[in-house]
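Chemist: Listed here are the chains, written in short residue letters.
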Amino acid sequence: MTVNRKILEVKGLNIRFGSPTAAPTVEDLSFDLRAGETLCLVGESGSGKSISALSLLGLLPESAHATADRFTFDGVDIDPKDRQALKKLRGQGVAMIFQDPMSSLNPAFTIGYQMVEAIRLAPNVSKREAVEKAIHYLELVRIADAGKRMNGYPHQLSGGMRQRVMIAMALSRNPKVLIADEPTTALDVTIQAQILALIDDIKTKLGTAVLFITHDLGVVAETADRVAVMYAGRMVEAGDVTEVFDDPRHAYTVGLMRASPRTAVGQRRLNDIPGSVPELRDRPSGCTFSPRCAFAIPSCQIPGAEKTIQDGTHLSRCIRGADLAKLLGETHV
Amino acid sequence: MSDALLETKDLSKVFNIGKGKNLKAVSNVSLKLNSGETLAIVGESGCGKSTLARLLLRLEKATTGSIEFDGKDISGISGAAEKQWRRNVQMVFQDPYTSLNPRMIAHDAIREPLDNYQEGTKQERNQKVHDLLHRVGLNADFGQRYPHELSGGQCQRLGIARALALNPKVLIADEPVSALDVSIQAQVLNLMTDLQADLGISIVFVSHDLSVVRHISDRVVVMYLGRIVEEGPANIVLDSPSHPYTKALLNSVPVEHPSKRSSKALLSGEVASPLNPPSGCAFRTRCPVAAPECAQTIPKLRRVGPKVSAACTLLEAK
Numbered sequence: 001m002t003v004n005r006k007i008l009e010v011k012g013l014n015i016r017f018g019s020p021t022a023a024p025t026v027e028d029l030s031f032d033l034r035a036g037e038t039l040c041l042v043g044e045s046g047s048g049k050s051i052s053a054l055s056l057l058g059l060l061p062e063s064a065h066a067t068a069d070r071f072t073f074d075g076v077d078i079d080p081k082d083r084q085a086l087k088k089l090r091g092q093g094v095a096m097i098f099q100d101p102m103s104s105l106n107p108a109f110t111i112g113y114q115m116v117e118a119i120r121l122a123p124n125v126s127k128r129e130a131v132e133k134a135i136h137y138l139e140l141v142r143i144a145d146a147g148k149r150m151n152g153y154p155h156q157l158s159g160g161m162r163q164r165v166m167i168a169m170a171l172s173r174n175p176k177v178l179i180a181d182e183p184t185t186a187l188d189v190t191i192q193a194q195i196l197a198l199i200d201d202i203k204t205k206l207g208t209a210v211l212f213i214t215h216d217l218g219v220v221a222e223t224a225d226r227v228a229v230m231y232a233g234r235m236v237e238a239g240d241v242t243e244v245f246d247d248p249r250h251a252y253t254v255g256l257m258r259a260s261p262r263t264a265v266g267q268r269r270l271n272d273i274p275g276s277v278p279e280l281r282d283r284p285s286g287c288t289f290s291p292r293c294a295f296a297i298p299s300c301q302i303p304g305a306e307k308t309i310q311d312g313t314h315l316s317r318c319i320r321g322a323d324l325a326k327l328l329g330e331t332h333v
Numbered sequence: 001m002s003d004a005l006l007e008t009k010d011l012s013k014v015f016n017i018g019k020g021k022n023l024k025a026v027s028n029v030s031l032k033l034n035s036g037e038t039l040a041i042v043g044e045s046g047c048g049k050s051t052l053a054r055l056l057l058r059l060e061k062a063t064t065g066s067i068e069f070d071g072k073d074i075s076g077i078s079g080a081a082e083k084q085w086r087r088n089v090q091m092v093f094q095d096p097y098t099s100l101n102p103r104m105i106a107h108d109a110i111r112e113p114l115d116n117y118q119e120g121t122k123q124e125r126n127q128k129v130h131d132l133l134h135r136v137g138l139n140a141d142f143g144q145r146y147p148h149e150l151s152g153g154q155c156q157r158l159g160i161a162r163a164l165a166l167n168p169k170v171l172i173a174d175e176p177v178s179a180l181d182v183s184i185q186a187q188v189l190n191l192m193t194d195l196q197a198d199l200g201i202s203i204v205f206v207s208h209d210l211s212v213v214r215h216i217s218d219r220v221v222v223m224y225l226g227r228i229v230e231e232g233p234a235n236i237v238l239d240s241p242s243h244p245y246t247k248a249l250l251n252s253v254p255v256e257h258p259s260k261r262s263s264k265a266l267l268s269g270e271v272a273s274p275l276n277p278p279s280g281c282a283f284r285t286r287c288p289v290a291a292p293e294c295a296q297t298i299p300k301l302r303r304v305g306p307k308v309s310a311a312c313t314l315l316e317a318k
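Protein chains in written order, with the working numbering: chain A, 1 to 333; chain B, 1 to 318.
The shape of chain A in the complex, shown without the other chains:
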């Protein structure tokens, strides 16, 4: 794959709630997003994946404090605290779709009204142009009878159709980045497959960079070019999707993969991960995953054990990362 232009560059993003000196909810997050690629941010509830995405859009609540060593959009530096600058990015630079399309659409207005409203946020767009554009994008997301659907209300659409409308609306101002926060979690598996194919198609056709947030490793395997795994506010592993699936370097990634029923074919019990994600105030020092980790050794809890280890394009915060394949082999035998 050719290396495309960097659209988004984030280095050392910290997000704190309450006071600027509070313990960070998201800590030292760094990633790049390139045109025409899908980066999957994967993690369980409370890992900080949605908060991180919201911070890129300036949609965090007032109580949040976001800081970054470096945050650029299409080569331009942006201060993550500058809500005005982030607001300018929304829509034309970065657009977002959410898990529940019903609560993202206004039930009292027609699809067409809401689409036109979004399109006309751009200066100098006549109503007629906006209507044409709206129909064009509804057709792009393969909504049949787009012209007729414009007069329909959200409740008249199925979940899959609503998500298509959300995607059309998000695309209608030509964003360079599309953030999709669990866009298929509420959908049936056959509809999920359709929506994943659609997002893939858009990425290829329009060259949009996609930041795809999910908890489902199957979705990652299906759609990602690159993947970043998050746990308790930190990105614990990142790399090309094949690299990470073939040779996971963080014990948490391994744990997630092994917890899936699909890797336990023929086993009576699944390989669960004991315990649960620590609360913000109870995060252990060193590696935050160590209390639940089957491979933890005493040095995992020493501050510094969480430092990022880089091997080419493959990043991990696990001091046992390089030995995991061997350790796994031993537990199997």
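Mixed in with the good hints, there may be bad ones.
[What the hints assert, rightly or not] Below, simulated SDA-like cross-link-like pairs (lysine to any residue); rule was C-alpha separation at most 25 Å, straight line: (1) A:K148 / B:K122; (2) A:K205 / B:S252; (3) B:K260 / A:E139; (4) B:K264 / A:Q267; (5) B:K264 / A:D240; (6) A:K205 / B:R261; (7) A:K148 / B:S252; (8) B:K260 / A:Q267; (9) B:K247 / A:A197; (10) B:K247 / A:D181; (11) B:K247 / A:K148; (12) A:K148 / B:R261; (13) A:K203 / B:S259; (14) B:K260 / A:K148; (15) B:K24 / A:M161; (16) B:K264 / A:E139; (17) B:K264 / A:D181; (18) B:K122 / B:W85.
[To be verified] Over 10 Å on every C-beta distance to chain A, these chain B residues come out as not near it, computed from the model: (19) K83; (20) T98; (21) K122; (22) F142; (23) H148; (24) D194; (25) D198; (26) I216; (27) D218; (28) V253; (29) R261; (30) P274; (31) P292; (32) V304.
By construction, these hints were calculated from the structure, which means they are not laboratory data. Beta carbons are placed, not taken as given, at the ideal position from N, Cα and C, and that holds for glycine.
Fit chain B to the supplied structure of chain A, relying on the hints for placement.
Modeler: What follows is chain B alone, placed relative to chain A:
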């Protein structure tokens, strides 16, 4: 594992939704739940799987057809007999938070069914609650906590403990792990596997997640628009499906490794409205192999392979 514990015959449920319109949520479902087995009911939203679960629990009254429990027809029971029957079949819900009373501590939530049936002395009931907490892997001090002080996985453990309080023979679990994170999902599934092995209970497992179903169930029933389209042992149905719908459903499941990606033949369109189902086979409007004769008659469930039945006009009966 041969005697049917719970058996339905031609069970149908029609909802009258006003203006003379009827919605057929479940149509002519005949199934058997054997003692000690896990039977999964799978399908997309609107296929009738939750309504079927509610019919089995008698939370809904069937429009036609019968339900037998342990060989006895329970379709008509009411009053005290129904109350006594209810202890045999208990439910685990999808959302562990909303299915628990937010103002009741865990201990009281588990004790409530025991109090309702006046099981033993107060002391015995408290002891039983203590045992149940331990049984589902919760520390005794969790008993004093309110649902909001518990995580999703802990709430679901509590929901299971409550369902087990009356020593039921059947547990009906409607999407019990779909609201949980993967690592927690595995914990709860393991708990259910262990409980079944130890207590010999039968489980009806309603789910849309085929990999979970493949793992936990012995037999599986695939539903589409209120009807069973395929039924058989989980490993056969999910590894080599017969019905075009089961095939399409399995084909839609995300791959497990990026190297297995392929441009799949996606199922087009969405489930037809149950208010106005297509004539003949309800799946024919989305079916990749539909033929003209599919519009003629509603296909009956029949044997298509060893232990497997499917309802498809185009499949050879065996």
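Chemist: Just pull the numbers of the violated hints for me, sorted ascending.
Modeler: 1, 3, 4, 7, 10, 11, 12, 14, 24, 26, 28, 29
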